[in-house]
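Protein chains: 2
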Amino acid sequence: MRLAEKIIQGDIRAAARLITQIDNHDPAAVTELQRLYPLTGRAEIVGVTGPPGAGKSTLTDKLIGAYRQQGKKVAVVAVDPSSSFTSGAVLGDRIRMNRHATDPGVFIRSLGTRGHLGGLSRSTGEVVNVFDAMGYEVIIIETVGVGQDEVEIAGTAHTTLVVTVPGLGDDIQAIKAGVFEIADIFVVNKADRPEAEKAVRDLTTLVGMNHPGEDEWWQPVLKTVASTSEGVDQLVEAIGRHYAFLLDSGKLQQFEEQKSQRHLCELLQEELYRQVRTRIREEQALNGQVRAIARRELDPYTAARQILTTGAGLALAKAGQIDP
Amino acid sequence: MRLAEKIIQGDIRAAARLITQIDNHDPAAVTELQRLYPLTGRAEIVGVTGPPGAGKSTLTDKLIGAYRQQGKKVAVVAVDPSSSFTSGAVLGDRIRMNRHATDPGVFIRSLGTRGHLGGLSRSTGEVVNVFDAMGYEVIIIETVGVGQDEVEIAGTAHTTLVVTVPGLGDDIQAIKAGVFEIADIFVVNKADRPEAEKAVRDLTTLVGMNHPGEDEWWQPVLKTVASTSEGVDQLVEAIGRHYAFLLDSGKLQQFEEQKSQRHLCELLQEELYRQVRTRIREEQALNGQVRAIARRELDPYTAARQILTTGAGLALAKAGQIDP
Numbered sequence: 001m002r003l004a005e006k007i008i009q010g011d012i013r014a015a016a017r018l019i020t021q022i023d024n025h026d027p028a029a030v031t032e033l034q035r036l037y038p039l040t041g042r043a044e045i046v047g048v049t050g051p052p053g054a055g056k057s058t059l060t061d062k063l064i065g066a067y068r069q070q071g072k073k074v075a076v077v078a079v080d081p082s083s084s085f086t087s088g089a090v091l092g093d094r095i096r097m098n099r100h101a102t103d104p105g106v107f108i109r110s111l112g113t114r115g116h117l118g119g120l121s122r123s124t125g126e127v128v129n130v131f132d133a134m135g136y137e138v139i140i141i142e143t144v145g146v147g148q149d150e151v152e153i154a155g156t157a158h159t160t161l162v163v164t165v166p167g168l169g170d171d172i173q174a175i176k177a178g179v180f181e182i183a184d185i186f187v188v189n190k191a192d193r194p195e196a197e198k199a200v201r202d203l204t205t206l207v208g209m210n211h212p213g214e215d216e217w218w219q220p221v222l223k224t225v226a227s228t229s230e231g232v233d234q235l236v237e238a239i240g241r242h243y244a245f246l247l248d249s250g251k252l253q254q255f256e257e258q259k260s261q262r263h264l265c266e267l268l269q270e271e272l273y274r275q276v277r278t279r280i281r282e283e284q285a286l287n288g289q290v291r292a293i294a295r296r297e298l299d300p301y302t303a304a305r306q307i308l309t310t311g312a313g314l315a316l317a318k319a320g321q322i323d324p
Numbered sequence: 001m002r003l004a005e006k007i008i009q010g011d012i013r014a015a016a017r018l019i020t021q022i023d024n025h026d027p028a029a030v031t032e033l034q035r036l037y038p039l040t041g042r043a044e045i046v047g048v049t050g051p052p053g054a055g056k057s058t059l060t061d062k063l064i065g066a067y068r069q070q071g072k073k074v075a076v077v078a079v080d081p082s083s084s085f086t087s088g089a090v091l092g093d094r095i096r097m098n099r100h101a102t103d104p105g106v107f108i109r110s111l112g113t114r115g116h117l118g119g120l121s122r123s124t125g126e127v128v129n130v131f132d133a134m135g136y137e138v139i140i141i142e143t144v145g146v147g148q149d150e151v152e153i154a155g156t157a158h159t160t161l162v163v164t165v166p167g168l169g170d171d172i173q174a175i176k177a178g179v180f181e182i183a184d185i186f187v188v189n190k191a192d193r194p195e196a197e198k199a200v201r202d203l204t205t206l207v208g209m210n211h212p213g214e215d216e217w218w219q220p221v222l223k224t225v226a227s228t229s230e231g232v233d234q235l236v237e238a239i240g241r242h243y244a245f246l247l248d249s250g251k252l253q254q255f256e257e258q259k260s261q262r263h264l265c266e267l268l269q270e271e272l273y274r275q276v277r278t279r280i281r282e283e284q285a286l287n288g289q290v291r292a293i294a295r296r297e298l299d300p301y302t303a304a305r306q307i308l309t310t311g312a313g314l315a316l317a318k319a320g321q322i323d324p
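Heads up: the protein sequence lines correspond to chains A and B, in order.
Residue numbering for the first sequence follows the numbering used here, beginning at 1 and increasing consecutively.
Residue numbering for the second sequence follows the numbering used here, beginning at 1 and increasing consecutively.
None of these hints come from the bench; they were simulated from the model.
Heads up, none of these hints are tricks.
If you want the footprint, here are the derived chain A segments under chain B, 3+ residues with CB under 8 Å:
id	segment
1	31 to 38
2	255 to 263
3	266 to 275
4	298 to 309
Being a predicted model, the structure only gives us computed values, none of them experimental.
By construction, the Cβ of each residue, glycine as well, lies at the ideal position given by its N, Cα and C atoms.
Construct all of the structure, not just a fragment, from the sequences and the given hints.
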């Protein structure tokens, strides 16, 4: 039986195997993902992002608990854009969620970054699809807030929570432009700290300054104390409200189309790039060009243009045929 | 007069303008870079990477000083893969180097990440080319050690220093596999700390375990106290030895060819991706496919294959003609 069929039947180990393939960018994953795809599009996807130390894992843990109480099956993808130098912190966090390890209604997986440029957002989306096809009703994507990754990953989640904590210096400064836009809900966690009110006020002001229009979503600013579960139910309720807003406003369809477009672009880009690289490695003529560039007899910009316009370009075009 | 000509004549402001264009991925930069390219390939490029707090900026500052004493012109690209949540730390470090701000033989620029996937390593390489064409003899690339970026950026530097500090927990653990390979020289900075000897011993053992062959470069492990300049001269000497090794062993040429190949691939990839995206946005037929994917009537893998094999594929192939 194919991996995909086992996965559809709920085989956790088969799913884990496919996820490892996805994380390793193993081409074998494609056929399986293809079979699973028609079963996707049913889950509610929640993104949790924010700076290290904001308590994202504890909050995720409590969200799992809350959804489980509603009887929903929950899956978590924890995305760790592993720094080459620091490690452990995020994996340490994972252990906290282990109290759900024996609950068959909960599936938690970490995803590393195996160095493929832009590969992380695609892998994340594909792992979400695996969970979705398996019938998990809520899928939480947790990311440590580093760089561009979380912005792209937010494009995968229907509702993105930006989690912050009081006293992170200037709270408004800490929310940089790119992050403000991806937030559907702001969460001030560890709200039992003295500066909590100020953080909420600052964020509320910031939302107000960006005054979304009448028909737009007005980003709520919620307080939680994840360690004691305070505010978690209200957060779950707000996530539900945002999903309902997407559905009612027709924005959910728009969102799904954008996601599909991006996914298609990524696949095309990856395939074209693979072909370009193979050609450059194999073709004698191109080797000559590479050597000429290294000798500064030819510049890479002119070379690229030549490749795309002349014989090599045609060869590439012909190579644009993937074996079915 | 074109920007490139001004830059060749040593116009700092023109260079700064081009670097901003590069950082913004402004297509206007290409023509200028094309003109500068034949003048590149003369500088010695040194990469400085390591975890936050290792003292990379102070060390870079001292390296600048040492090279200036040798009468060499020095340029620095400080690459900050700006986290969306944390900021300031690296920019703060920049200020320390400001004592060189009035020295016309020193040019320091920071590069952010404007979110282009994989764009950072290409931008870095292009900024290095600008400095190189201007006649800077030593170009230092400083990166904060986050994720894949520093591995790619190391591919731009002839000699990569991996800077670590004693007492970062388990020192060997802190040097993860990908980083070990990019190191040409290990630097244990803040070597006046008590655990310094252990760090040196551990790293030396690690190098020994990887026992490079006879003709290979044996990564030295050096101690520095950047704040007092201790060990900096020895470090400069080791960097020189490594460059001489590259030159004598023929590896420098090999390195330049690999770099050229990568650069060419990146340009082709970017151009192909741009074309794919434009097509997908513009073509009615593709819009239909995107909508079908969003509705789960078609999977993106099949759609990508169709685009690359059928009419749309041919259209893309024709689009492979960039206007000169």
